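Q: Single-letter residue listing:
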Amino acid sequence: MKMPSGNSSLVAGACITAAFIGVAVIAQFWTPYDARGISIVDKLQGPSVRHWFGTDQLGRDVLSMIMLGAQTSVGVALLSVIIGMFVGVPLGLLAAAKRGAIEEWVMRGNDLIFAFPALLLAILITAVFGPGAVNAIIAIGIFNIPVFARVARGGALRQWTLDYTLAARVAGKGPLRISSEHILPNLIALLVVQGTIQFSLGVIAEAGLSYVGLSAQPPTPSWGRMLNEAQTLTALAPYLALFPGLAVLLFVLGLNLLGEGLRRRAQSAS
Amino acid sequence: MSDKLLEVVALSVSFGGRRVVKEASFTVNAGEILGVVGASGSGKSMTALKIMGLLPPAAASSGAVRLNGENLSGMPESQMQTVRGRKIGMVFQDPMSALNPLIRIGGQVAETVRLHRKVSEAEARAAAREALDSAGLQGEQGALDRYPYELSGGQRQRVAIAMATVLSPQLLIADEPTTALDVVTQAQVLSLLQNLVRAHNMGLILITHDLAVVARLADRVAVMHQGEIVEQAATTELLRHPRNPYTAALLAAARLDLRRTGGPPDEAAAVLEVRGIVREYPRKRTSLWRAPVPLRAVDEVTLSVRAGETVGLVGESGSGKSSLLRVILALERPQSGRVSLLGESFSNSRAASLNRQRRAIQVVFQDPFGSFDPRWTVEELIGEPFYLLGSPPTAAERRLKVAAVLEQVGLSAADARRLPREFSGGERQRIAIARALITEPAVIAFDEAVSALDVLIREQILKLLADLAQRLKVSYLFVSHDLHVVRAIADRIYVMKAGRIVEEGITEAVFAEPQNPYTRALLAATPKLPVLS
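Sequences listed follow chains W and Y, in order. Numbering-wise, the first sequence is residues 1 to 270 according to my numbering. Numbering-wise, the second sequence is residues 1 to 533 according to my numbering.
What the hints contain is simulated information worked out from the structure, not anything from laboratory work. Since no wrong hints were added, every one of them can be taken at face value.
Using C-beta positions, here's what the derived DEER-type ranges look like:
hint : chain 1 : residue 1 : chain 2 : residue 2 : range
1    : W       : 158       : Y       : 498       : 30 to 36 Å
2    : W       : 217       : Y       : 392       : 51 to 57 Å
3    : Y       : 103       : W       : 249       : 47 to 53 Å
4    : W       : 15        : Y       : 245       : 54 to 60 Å
Computed cross-link-like contacts, DSBU-like style, restricted to lysine-lysine with a CA-CA straight-line distance of at most 35 Å:
hint : chain 1 : residue 1 : chain 2 : residue 2
5    : Y       : 22        : Y       : 4
6    : Y       : 463       : Y       : 401
7    : Y       : 497       : Y       : 528
8    : Y       : 463       : Y       : 497
9    : Y       : 497       : Y       : 473
10   : W       : 98        : Y       : 401
11   : W       : 98        : Y       : 284
12   : W       : 98        : Y       : 497
13   : Y       : 463       : Y       : 22
Keep in mind it's a predicted model, so treat the numbers as computed, not measured. By construction, the Cβ of each residue, glycine as well, lies at the ideal position given by its N, Cα and C atoms.
Between the sequences and the hints, there should be enough to build the whole structure, so can you do that?
A: Here it is, written out as structure tokens:
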């Protein structure tokens, strides 16, 4: 029996998430105006039929910038989740499969990364390698590694207590083969849920990093920098802060609803 | 004793339209023990909960429950609370979850007294002491001041019994009170219940899945099947002349008469030889100065299994039989000793030769639910040990072989494509047996393989095993705590206690004349159906 509330949050979350990803894809081929096109004549116009979300202090169309900003946001968050998963999950599986010293090293390494706030880590990386979207991806990705390692290890340890892993050992399979054949497939649901949550945290982290100028550099639009630039103009043109702010809020809300819905579905299935 | 203490008339319980108890009617007299027997899900626990007025809110019920002529089924909750504990006591299966872990046991029993009677603290404690005394916890220094975690399972169940009887209720309901206990403790707790009932002229409803437990204790037995009481009679009458076919099947299954023909010829060679195995586990350091003494789970065990022989390994939980089995399966390394299969030694071998050895021994585990990856199909699961073969069979060969073993264990080839969750517990054990058979091993080990099954299913699985042993000439190492089951299947048995083998011999000889005092105690404690001529 499906929980109606779990189901509705799943549907709402999936719709919102799909809408933002759709916008990011469309922006690749089409935006109402050139988001990088400066036109001082049209500067600081309020929302209108021509410019739905108005224009900024350089006359750029805010809607187009938000559409391209979605691309930056989705790209950075998605790639950092992928980095976290591809490094963290094998580490977690390895720790659970080998136990002992390897587990200690992996988990204490995780604690070390966890000890740094994501922003500090990003500043560290950009200080060394220079600011940019790629470095933001790496910084957020590194922060994701221990999260996935812990989730994978926890789920794997539970499965190692079950007899089917014992049966696989009697069938002569080693810990690494059992991890990939039995344990990983049974972790997928858990990892998808965590991935969604990390995606939403990635969106927030990207907005934060670009707000302080450490993510995608101009002229590539990003929501965080739009908020930063709108800050000095809030009295004159409050809508400049409103729309990118709403975009971050709505996207994160959608991802969280999706994660919650997926979590409940995974729970009722097991 | 003709006065009816409890009268249950046409009791029905249903959950959302599904009836789990159908028109059950029975009576219990003062001083009488009524056994209620049935498989899991037959509605026996729901009947007990209804009598206590403890059904979950989702349940709908009808029918009358009369205690001394007073109808309990329509009674408001506030009044029921005075009945529970004072007039009806209840003992549950798991004593640990029935006790508050943070309160000393004396306090818990005293609390029950003070809830129902206006007495002083001291009087309540005196009553608690008396109840714990008669529950067999007397003579222990400061028994009242101990916490539940300091007690063994049997002692905890005694505390639960003391709590249930401290107010001298007229009726006691015990729901599987000994299922979580080992046989020796089970026998003690059962005779305690019997003595209490006789001494206080109480009525007792003893709910269990085990006919043998009931045969020893109950005056009358009610058999439940799919929510209905299918038969109700005096115990000896029911055992001698079961009228209902379900009762007869249950009795036959409980007797476990497999009619096996004798074991292998005397000159049969040993396929599995275990010599001087020692397995120790490190313990936590408790002193800064002394190294911790390791826990010796298996202490110099030597045993052998010959070709075509079924060997039983019996012991209580914690006797080291599971640790020994893990060593035999090469899942763990022993500190010393040697395991050889088909004449080849296991120790110091690398993965490749280890796998060659493993082909000769496979295993069936206890839990029919945890031993399969829920995402794999039956064909993939049964085919998993093919990994042991140097050259795994092709997909077509594999399908044929899996279909063949499925049919050997009484399933059909079409089941290969299904997932494990589509099967019942008994069917899953058949799949596990098929998985063990697929590499045609010389020995199959069974780790409590029928302990989680209902008696009827257990009988079917054991018959299948006896049949397979005869046809395939495979040897079994049958590990179990249940003497009754081991007696039915094994040609020869080893009795294990505290990591050591204390007795071995031909099954019938050991059962007829046990040499070791521990074996004798174990045998005496095992509940069995009386032999009726």
